[in-house]
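Undergrad: Take a look at the letters that make up each chain.
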Amino acid sequence: GEDVEQSLFLSVREGDSSVINCTYTDSSSTYLYWYKQEPGAGLQLLTYIFSNMDMKQDQRLTVLLNKKDKHLSLRIADTQTGDSAIYFCAERGILTGGGNKLTFGTGTQLKVEL
Amino acid sequence: DTAVSQTPKYLVTQMGNDKSIKCEQNLGHDTMYWYKQDSKKFLKIMFSYNNKELIINETVPNRFSPKSPDKAHLNLHINSLELGDSAVYFCASSQGRWAGPPGNTIYFGEGSWLTVV
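Protein chains in written order, with the numbering used here: chain A, 1 to 114; chain B, 1 to 117.
Keep in mind the hints are simulated off the structure, nothing from the lab. Certain hints may be false.
Derived pair list, reagent style SDA-like, types lysine to any residue, alpha-carbon separation capped at 25 Å [stated by the list, open to error]: (1) 36/A with 28/B; (2) 36/A with 27/B; (3) 41/B with 54/A; (4) 36/B with 80/A.
Model, not experiment: these values are computed from the prediction.
Just need the whole structure built from these sequences, with the hints factored in.
TA: So this is what it looks like as C-alpha cells:
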C-alpha cells in the first residue's frame with residue numbers, strides 16, 4: 001500500500017532556505033507533487049516532478065528526488081513570511097480499475113520567523 | 001469566480017444528526033473527489049466520482065454517502081454523526097480520472113469545517 005511520511009514542523013528565519021523532506025513507499029509512483037495549504041484555505045499545487053528526474057527547479061523552489069531511497073525534498077530559497085503554511089507531498093498511484101489517485105503525506109507546518 | 005465551491009464553510013452540529021456538504025465545480029471537469037483532513041492535518045481521500053460513476057471508495061463508514069446528481073456536483077451526506085467525524089472536508093475536481101499534473105491538475109475547494117459536539 002501507499003504511505004507517505006513527512007516531518008511535522010519546520011521553523012526557519014526569514015531569508016534562510018527551507019528544506020522539507022518526504023519519504024514514500026510506492027515504487028510505481030510516476031509523479032510526485034508538492035502542495036501548499038495556507039490557513040483556512042484549500043490545497044494549492046506548487047510543483048511536481050516526474051519519477052525519472054532527479055531535480056526540478058522552479059524560481060525559488062527546488063525539488064530533489066532520490067528514487068532509490070524513495071525520498072523527495074522541497075527547498076525554498078530566501079524563505080519569506082508569506083511562505084508560512086503547511087506543505088504536503090503527494091504521490092500518484094495507479095488504481096486497479098483504471099485511473100489514479102493522489103496519496104498525501106502527513107504535512108509539514110513551516111513557520112517563518114523574522 | 002470560484003472554481004470549486006463548497007457549502008457550508010462551517011458547520012457545528014450535535015452527535016446523531018444527519019448533515020450534508022455540497023460541492024460544485026464550474027470547470028467542466030469529469031472527476032470529483034472528497035478528501036478528509038483530521039485534526040492532525042492528515043489528508044485522506046474518501047471518494048472519487050468520474051462522470052457520476054464511483055471510482056474510488058476508500059475505507060469509509062457507510063454512514064457517509066456521496067451523491068453526484070451531475071458531473072458538476074458531488075455532495076457528501078453523513079448520517080448519525082459521531083465525534084470522530086469532526087474534520088475539514090475538502091472537495092476537489094480534475095479533468096479526468098488520471099488525476100494529477102501534468103495536464104490534469106486537481107483543484108481543491110476551500111474546505112468545510114465540520115464540528116460534532
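Undergrad: Of all the hints given earlier, name the ones this structure violates by number, lowest first.
TA: Hint check: 3, 4 fail, others pass.
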